[in-house]
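Visitor: Each chain is listed here by its residues.
Protein chains: 2
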Amino acid sequence: MSEIQVNRRLLSENDQAAALLREKFGREGTLVVNLISSPGSGKTTLLEATVAAMSRTYRLAAIEGDIATERDADRLRRHGIPARQIITGGACHLDARLVRNELQKGGLDEADILFIENVGNLVCPTSYDLGEDFKVALLSVAEGDDKPFKYPGIFSRAAAAIITKIDLLPHVDFDVEAVRAQVNTLSPDGHFLLTSARTGEGVDGWCRLLAEKLNAKRKAADRADAPGN
Amino acid sequence: MSEIQVNRRLLSENDQAAALLREKFGREGTLVVNLISSPGSGKTTLLEATVAAMSRTYRLAAIEGDIATERDADRLRRHGIPARQIITGGACHLDARLVRNELQKGGLDEADILFIENVGNLVCPTSYDLGEDFKVALLSVAEGDDKPFKYPGIFSRAAAAIITKIDLLPHVDFDVEAVRAQVNTLSPDGHFLLTSARTGEGVDGWCRLLAEKLNAKRKAADRADAPGN
Numbered sequence: 005m006s007e008i009q010v011n012r013r014l015l016s017e018n019d020q021a022a023a024l025l026r027e028k029f030g031r032e033g034t035l036v037v038n039l040i041s042s043p044g045s046g047k048t049t050l051l052e053a054t055v056a057a058m059s060r061t062y063r064l065a066a067i068e069g070d071i072a073t074e075r076d077a078d079r080l081r082r083h084g085i086p087a088r089q090i091i092t093g094g095a096c097h098l099d100a101r102l103v104r105n106e107l108q109k110g111g112l113d114e115a116d117i118l119f120i121e122n123v124g125n126l127v128c129p130t131s132y133d134l135g136e137d138f139k140v141a142l143l144s145v146a147e148g149d150d151k152p153f154k155y156p157g158i159f160s161r162a163a164a165a166i167i168t169k170i171d172l173l174p175h176v177d178f179d180v181e182a183v184r185a186q187v188n189t190l191s192p193d194g195h196f197l198l199t200s201a202r203t204g205e206g207v208d209g210w211c212r213l214l215a216e217k218l219n220a221k222r223k224a225a226d227r228a229d230a231p232g233n
Numbered sequence: 005m006s007e008i009q010v011n012r013r014l015l016s017e018n019d020q021a022a023a024l025l026r027e028k029f030g031r032e033g034t035l036v037v038n039l040i041s042s043p044g045s046g047k048t049t050l051l052e053a054t055v056a057a058m059s060r061t062y063r064l065a066a067i068e069g070d071i072a073t074e075r076d077a078d079r080l081r082r083h084g085i086p087a088r089q090i091i092t093g094g095a096c097h098l099d100a101r102l103v104r105n106e107l108q109k110g111g112l113d114e115a116d117i118l119f120i121e122n123v124g125n126l127v128c129p130t131s132y133d134l135g136e137d138f139k140v141a142l143l144s145v146a147e148g149d150d151k152p153f154k155y156p157g158i159f160s161r162a163a164a165a166i167i168t169k170i171d172l173l174p175h176v177d178f179d180v181e182a183v184r185a186q187v188n189t190l191s192p193d194g195h196f197l198l199t200s201a202r203t204g205e206g207v208d209g210w211c212r213l214l215a216e217k218l219n220a221k222r223k224a225a226d227r228a229d230a231p232g233n
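Chains as they are written, first to last, in my numbering: chain A, 5 to 233; chain B, 5 to 233.
Calculated from the structure, these hints are not laboratory results.
Only true hints are included.
If you want the footprint, here are the derived chain A segments under chain B, 3+ residues with CB under 8 Å:
id: 1; segment: 67-74
id: 2; segment: 153-159
id: 3; segment: 172-186
Virtual Cβ for every residue (Gly too), placed ideally from N, Cα, C.
The shape of chain A in the complex, shown without the other chains (with noise of 0.2 Å):
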């Protein structure tokens, strides 16, 4: 078998565990978000700040990917929310039955919000459904404003883009606006946000932006439910 073989066999046998997932996620009413960027970005402390922003109100809890180290897991519980850590050894992206695996283990469930941050890469994790609801792209202002066309996979396929890291823009050569039009053409139906985990900026419009999607997918599930259908 050929290595364009043997990566279809793969993303065949992931796709149709992710749809099993997310038939269980849908069943559950739990919204799951799959989070992507380069190492750094700031997926993490993205998190902490949300879940210092939602916990109060919505049940949340996380599965960390990363090619080495719990760190990332601990620094969620620390928050006080169900994490689990998963470790790919060499791997550069999660796939469906890791999470699955993971899932399987036990206490995350019943969550309103399961955040998925994968491992900290621009390209691999882009091909593997995970069974979420969305996709997110994180790029930090230090990053440099040239990424959503040199990554344009990452970018198209992510229902927002978010900007992570504005308190530095004083300090850094970033145009948002040329982001802002590059995300656009790349993913014209897609959410554009601009947040600081470090002031809190933009916290608030990202954490509306979830319940509005959890509220969405309830409706849609309820309405699925409702007599006649």
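Mind docking chain B on chain A? Use the hints.
Guide: What follows is chain B alone, placed relative to chain A:
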């Protein structure tokens, strides 16, 4: 063939192509540096500063790896050195055959130093030998001080770790000594450099390291050519 078998075969084919490249670079006396980091750590910006500092004394050339866009090679050509862009399509790393094919197109010969800027990724490029003399891992202070232990593969294989964007240190939480300790654990003989391409700080030390490595390579080649060998 399983995924693992395919990967092993690919790596072994890559190693053969890399060995031939290394022989060629040795014959031609070209020092070859493989730069690896996350997207947006400042590889191209460091190379621009390096070209500004060294191109009057040394013949420099670059191969730029990216998923999409010619942008990085354009930036270096504007600085007056020959540069070729390899667009990998979806692949998250360069490999030795891509580099060989690009060199065969001509225009990069007779360089004293050839920089190979890998695709922005801290994981995938790690295992692929490109025939380089050494790998360099870059990490910007905006990415956080936990990264060497989270991405041990590259930081243990790199002969030099370069901390970039140190002009941002007053604005971010980044413990330089903690990072130095992680890098020392992973690569006890490695170089550890602090740089800011924006202010120029530390760029001289990096250029000095390159000059030393080039001289050492040429002296070793002269000794091998000397009568009696």
